[in-house]
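Participant: Here's the letter readout for the chains.
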Amino acid sequence: MGIAFDYCPDRPENIDAILNGLDRYNPETTTVFQEYVAQQCENQTFDSYANLALLKLYQFNPHLSRDETTTNILVKALTVFPSPDFSLCLALLPPHVLAQSKNQQNGPPASGSIVEAVQHLSILHTQLNNAQYTEFWNTLDGDDLYADLVADVQGFEEILRIRIAVVVSQCMQEISREVLEGWLNVTDAKFDHFVKEVCGWNIDGAVVKVPLNKENEARGTVVRENVKFEQFGRMVKRAYEQPA
Amino acid sequence: MSVRQAPTYQQGAPQRSMDDDSDVEEEALANDYREQVGYENNGDDYGIEGGAMGANMQDLQAQLQAAATPLEYQATLETKIQSYDSYCNLFHYILNSEGPVDIEVPSYFWAWDVIDEFIYQFNSFCSYRQKLALTQSTSGNEGDLVVLRENPNTWGCYSVLNVLYSLIQRSQISEQLAARKRGEDPAPYAGDYGSRSLYQMLGYFSIIGLLRVHCLLGDFSLALKTLDDIELNKKAMFARVMAANFTTYYYVGFSYMMMHRYADALRAFNHILIYVSRTKNFQKNAQYDSITKKNDQMYALVAICVAFHPTRLDDTIHTALREKYGEQLTRMQRGGPEALPIFEELFRTACPKFISPTPPDFDNPSVNVDPIEHQLSIFMEEVKNNMWAPTVRSYLKLYTTMDLTKLAGFLEVDADTLRGWLLVNKQRSRQMRHSEGGLLEGDVVNSNDLDYAMQGDLIHVSEAKVGRRLVDWYLRNLARTY
Numbered sequence: 001m002g003i004a005f006d007y008c009p010d011r012p013e014n015i016d017a018i019l020n021g022l023d024r025y026n027p028e029t030t031t032v033f034q035e036y037v038a039q040q041c042e043n044q045t046f047d048s049y050a051n052l053a054l055l056k057l058y059q060f061n062p063h064l065s066r067d068e069t070t071t072n073i074l075v076k077a078l079t080v081f082p083s084p085d086f087s088l089c090l091a092l093l094p095p096h097v098l099a100q101s102k103n104q105q106n107g108p109p110a111s112g113s114i115v116e117a118v119q120h121l122s123i124l125h126t127q128l129n130n131a132q133y134t135e136f137w138n139t140l141d142g143d144d145l146y147a148d149l150v151a152d153v154q155g156f157e158e159i160l161r162i163r164i165a166v167v168v169s170q171c172m173q174e175i176s177r178e179v180l181e182g183w184l185n186v187t188d189a190k191f192d193h194f195v196k197e198v199c200g201w202n203i204d205g206a207v208v209k210v211p212l213n214k215e216n217e218a219r220g221t222v223v224r225e226n227v228k229f230e231q232f233g234r235m236v237k238r239a240y241e242q243p244a
Numbered sequence: 001m002s003v004r005q006a007p008t009y010q011q012g013a014p015q016r017s018m019d020d021d022s023d024v025e026e027e028a029l030a031n032d033y034r035e036q037v038g039y040e041n042n043g044d045d046y047g048i049e050g051g052a053m054g055a056n057m058q059d060l061q062a063q064l065q066a067a068a069t070p071l072e073y074q075a076t077l078e079t080k081i082q083s084y085d086s087y088c089n090l091f092h093y094i095l096n097s098e099g100p101v102d103i104e105v106p107s108y109f110w111a112w113d114v115i116d117e118f119i120y121q122f123n124s125f126c127s128y129r130q131k132l133a134l135t136q137s138t139s140g141n142e143g144d145l146v147v148l149r150e151n152p153n154t155w156g157c158y159s160v161l162n163v164l165y166s167l168i169q170r171s172q173i174s175e176q177l178a179a180r181k182r183g184e185d186p187a188p189y190a191g192d193y194g195s196r197s198l199y200q201m202l203g204y205f206s207i208i209g210l211l212r213v214h215c216l217l218g219d220f221s222l223a224l225k226t227l228d229d230i231e232l233n234k235k236a237m238f239a240r241v242m243a244a245n246f247t248t249y250y251y252v253g254f255s256y257m258m259m260h261r262y263a264d265a266l267r268a269f270n271h272i273l274i275y276v277s278r279t280k281n282f283q284k285n286a287q288y289d290s291i292t293k294k295n296d297q298m299y300a301l302v303a304i305c306v307a308f309h310p311t312r313l314d315d316t317i318h319t320a321l322r323e324k325y326g327e328q329l330t331r332m333q334r335g336g337p338e339a340l341p342i343f344e345e346l347f348r349t350a351c352p353k354f355i356s357p358t359p360p361d362f363d364n365p366s367v368n369v370d371p372i373e374h375q376l377s378i379f380m381e382e383v384k385n386n387m388w389a390p391t392v393r394s395y396l397k398l399y400t401t402m403d404l405t406k407l408a409g410f411l412e413v414d415a416d417t418l419r420g421w422l423l424v425n426k427q428r429s430r431q432m433r434h435s436e437g438g439l440l441e442g443d444v445v446n447s448n449d450l451d452y453a454m455q456g457d458l459i460h461v462s463e464a465k466v467g468r469r470l471v472d473w474y475l476r477n478l479a480r481t482y
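For the record, the sequence lines run as chains F and R.
Residue numbers for the first sequence, in my numbering: 1 to 244.
Residue numbers for the second sequence, in my numbering: 1 to 482.
It is worth saying that the hints were derived from the structure and are not from the lab.
The reader is advised that the hints may include incorrect statements.
Said to hold, decoys possible - Selected chain F positions facing chain R (in silico; Cβ < 10 Å):
id : residue
1  : F5
2  : P84
3  : C171
4  : E174
5  : K190
6  : R224
To be verified - Lysine-lysine pairs mimicking PhoX-like chemistry, simulated, CA-CA at most 25 Å apart:
id : chain 1 : residue 1 : chain 2 : residue 2
7  : F       : K214      : R       : K397
8  : F       : K228      : R       : K235
9  : R       : K131      : F       : K102
10 : R       : K465      : F       : K228
11 : F       : K56       : R       : K353
12 : F       : K214      : R       : K465
13 : R       : K235      : F       : K237
14 : R       : K406      : F       : K209
15 : R       : K181      : F       : K228
16 : F       : K56       : R       : K131
17 : F       : K228      : F       : K209
18 : R       : K353      : F       : K102
19 : R       : K384      : F       : K102
Said to hold, decoys possible - Across the chosen pairs, the derived CB separations fall in these ranges:
id : chain 1 : residue 1 : chain 2 : residue 2 : range
20 : F       : Q39       : R       : L475      : 53 to 59 Å
21 : R       : Q333      : F       : M235      : 37 to 43 Å
22 : F       : R66       : R       : N96       : 35 to 41 Å
23 : R       : N153      : F       : K102      : 30 to 36 Å
24 : F       : D10       : R       : E142      : 49 to 55 Å
25 : F       : M235      : R       : V444      : 33 to 39 Å
26 : R       : S394      : F       : N213      : 24 to 30 Å
27 : R       : G467      : F       : M235      : 17 to 23 Å
28 : F       : S113      : R       : P188      : 52 to 58 Å
29 : F       : A110      : R       : D59       : 19 to 25 Å
30 : R       : D363      : F       : D10       : 42 to 48 Å
31 : F       : Q39       : R       : Q61       : 28 to 34 Å
32 : R       : S394      : F       : R234      : 38 to 44 Å
33 : R       : Y73       : F       : E35       : 47 to 53 Å
The beta-carbon is built from N, C-alpha and C at its ideal position, and this holds for glycine as well.
Starting from the given sequences, assemble the full structure and let the hints guide the process.
Facilitator: Next comes the structure, spelled out in structure tokens:
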């Protein structure tokens with residue numbers, strides 16, 4: 001279970017070498033990272049630690065930054081909600097981008113700008129993190145800009161559907177079909193297929209049954225004290241030093 | 001140097017008037033410290049040309065001391081820039097002389113003091129520059145603006161990182177620490193430079209310095225990654241220098257907090273705060289005084305983390321926390337929109353002074369947003385996300401089964417909203433927690449004593465009870481019988 005944040009099983013060796021050396025600050029590696037991001041978008045893999053390194057290069061060399069790659073990284077980070085990746089990416093963006101995206105006084109941001117992209121993606125992020133999945137799909141379908149933003153990321157909707165299903169499997173033993181259809185944004189035969197084949201759950205009339213797992217059992221536990229021998233070390237020592 | 005002596009900014013007015021007031025205390029403490037340690041600093045010791053270095057041992061000693069000494073609060077921009085130049089000269093001398101240099105350092109803690117002061121000056125210079133660029137029309141500091149515009153590379157981020165990384169590489173400290181971790185003798189890995197204590201200490205504290213710089217730049221995962229080679233325990237070298245010990249845990253804890261790993265953040269803060277409270281009686285000196293401010297900041301962070309992640313604290317910490325931030329903690333733990341300003345206030349007082357790595361854009365004042373605001377707004381998103389967790393939890397604690405619509409009625413929200421809150425709260429209770437290995441590693445564990453699952457609209461609630469703790473009681477009483 002324990003996976004380090006900086007670990008990625010699919011990371012190529014050359015990327016790994018750059019990340020662990022001083023080349024991660026070398027502006028010339030920007031192109032290597034950019035290609036790697038494109039590759040991740042295509043292969044449906046995700047390497048947060050490497051993407052943060054690229055954002056850092058952009059942070060240090062603003063003239064090199066490419067908005068398209070930045071938004072792709074942000075979209076990729078959405079696919080792993082509720083992990084902190086999206087926030088960590090935002091933390092490395094230039095402060096004025098986020099500030100302008102929040103400040104509505106000057107009207108909507110310029111069309112096609114990074115500010116606009118960040119603003120829109122932040123809305124998705126908030127909705128996902130607040131488990132407002134139905135609203136999330138509505139937002140995504142409601143504005144053509146989103147289609148452009150997520151276009152590069154292969155299987156974006158499918159990945160998110162699976163992430164949502166994971167959350168559901170952690171919390172639910174049974175859920176009404178209507179609610180789940182809204183959350184997953186699929187209906188009818190497609191819904192049946194996704195729930196049965198991809199998730200391996202059962203449909204019983206209007207109810208979807210999620211098999212029990214460790215997370216959705218809700219069984220009370222008693223945390224017991226973990227006693228180590230070392231705790232008794234001093235006592236044993238004293239008993240040894242002071243024979244009765 | 002004459003180029004920099006532009007006459008316009010010698011107005012007699014306090015040059016750092018734009019700088020925030022919070023520095024005043026820190027600076028006062030620093031001055032105090034200087035008096036106690038008996039450093040002589042006239043501010044004139046700076047600016048010794050590189051060529052003269054080493055020629056005169058007296059000069060060198062003065063420079064070594066100056067490097068570890070805080071600038072005066074009133075220091076002009078010119079002094080700050082000169083200070084940067086002398087740091088460059090000094091590090092150049094230490095790193096790029098023919099072979100390792102043999103110098104006698106003024107004190108045991110010199111290496112820490114130098115790195116600490118170096119980064120502090122870098123940090124405050126960047127903050128000052130950023131603020132000036134944002135408020136330039138009203139600041140009345142046109143002189144400083146001109147100088148800053150003309151010297152974009154002074155206190156540059158790349159050069160500061162370069163110094164830290166070079167010190168680490170020269171001393172081969174990473175290799176040495178890795179060897180020590182494996183249980184081997186580090187000596188064969190040390191090389192010419194690393195076998196000398198000067199380089200060893202500089203390299204070691206540069207790692208801590210990197211942790212700090214990465215955190216200031218908002219790269220929290222890299223900050224934690226930097227400490228891969230250092231084992232966080234009482235035997236670590238940094239633990240011998242109180243200020244270093246303190247700084248390390250502050251930045252580790254803060255980085256964890258920004259990565260939403262509250263249990264780990266609390267562990268870091270707890271560790272050091274307990275340590276401070278136990279040793280404060282032995283540390284009645286300047287070194288202790290200078291950390292009281294950071295101490296309070298850490299309590300604020302503890303309050304934030306506890307609000308996110310309810311947990312039992314050590315008794316000493318708990319008492320101190322109640323004293324310092326009792327009211328705020330209660331309000332944060334209650335949750336809801338009323339708690340948001342409290343989170344904001346505490347974050348502002350307790351966060352490091354974030355900086356941007358690049359010089360500000362003097363021609364467009366409005367784009368130079370304060371990086372602290374940037375990080376704050378990211379953090380507040382997370383707070384808003386968690387806002388309803390305390391409310392939900394407080395109700396669920398009372399039941400073993402509960403109907404969703406009924407609970408929604410109690411809370412005066414619709415069923416869909418509540419369903420969302422329940423999902424959020426459940427996800428939030430699953431957190432990465434460090435157990436062994438690098439600081440970025442960890443296992444996902446249930447961090448909450450309350451757990452639940454939904455069967456349709458029926459919520460099943462379960463609680464993890466803590467069994468009685470017998471061992472402590474047993475040992476205490478057994479000790480009495482001797």
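Participant: Indicate, hint by hint, whether the structure satisfies it.
Facilitator: Hints versus structure:
no. : hint                        : result
1   : F5                          : 4 Å, holds
2   : P84                         : 4 Å, holds
3   : C171                        : 5 Å, holds
4   : E174                        : 5 Å, holds
5   : K190                        : 23 Å, violated
6   : R224                        : 5 Å, holds
7   : K214/F / K397/R             : 21 Å, holds
8   : K228/F / K235/R             : 21 Å, holds
9   : K131/R / K102/F             : 20 Å, holds
10  : K465/R / K228/F             : 21 Å, holds
11  : K56/F / K353/R              : 18 Å, holds
12  : K214/F / K465/R             : 18 Å, holds
13  : K235/R / K237/F             : 23 Å, holds
14  : K406/R / K209/F             : 22 Å, holds
15  : K181/R / K228/F             : 24 Å, holds
16  : K56/F / K131/R              : 22 Å, holds
17  : K228/F / K209/F             : 42 Å, violated
18  : K353/R / K102/F             : 22 Å, holds
19  : K384/R / K102/F             : 15 Å, holds
20  : Q39/F / L475/R: 53 to 59 Å  : 57 Å, holds
21  : Q333/R / M235/F: 37 to 43 Å : 39 Å, holds
22  : R66/F / N96/R: 35 to 41 Å   : 36 Å, holds
23  : N153/R / K102/F: 30 to 36 Å : 32 Å, holds
24  : D10/F / E142/R: 49 to 55 Å  : 54 Å, holds
25  : M235/F / V444/R: 33 to 39 Å : 36 Å, holds
26  : S394/R / N213/F: 24 to 30 Å : 27 Å, holds
27  : G467/R / M235/F: 17 to 23 Å : 22 Å, holds
28  : S113/F / P188/R: 52 to 58 Å : 56 Å, holds
29  : A110/F / D59/R: 19 to 25 Å  : 56 Å, violated
30  : D363/R / D10/F: 42 to 48 Å  : 43 Å, holds
31  : Q39/F / Q61/R: 28 to 34 Å   : 55 Å, violated
32  : S394/R / R234/F: 38 to 44 Å : 42 Å, holds
33  : Y73/R / E35/F: 47 to 53 Å   : 49 Å, holds
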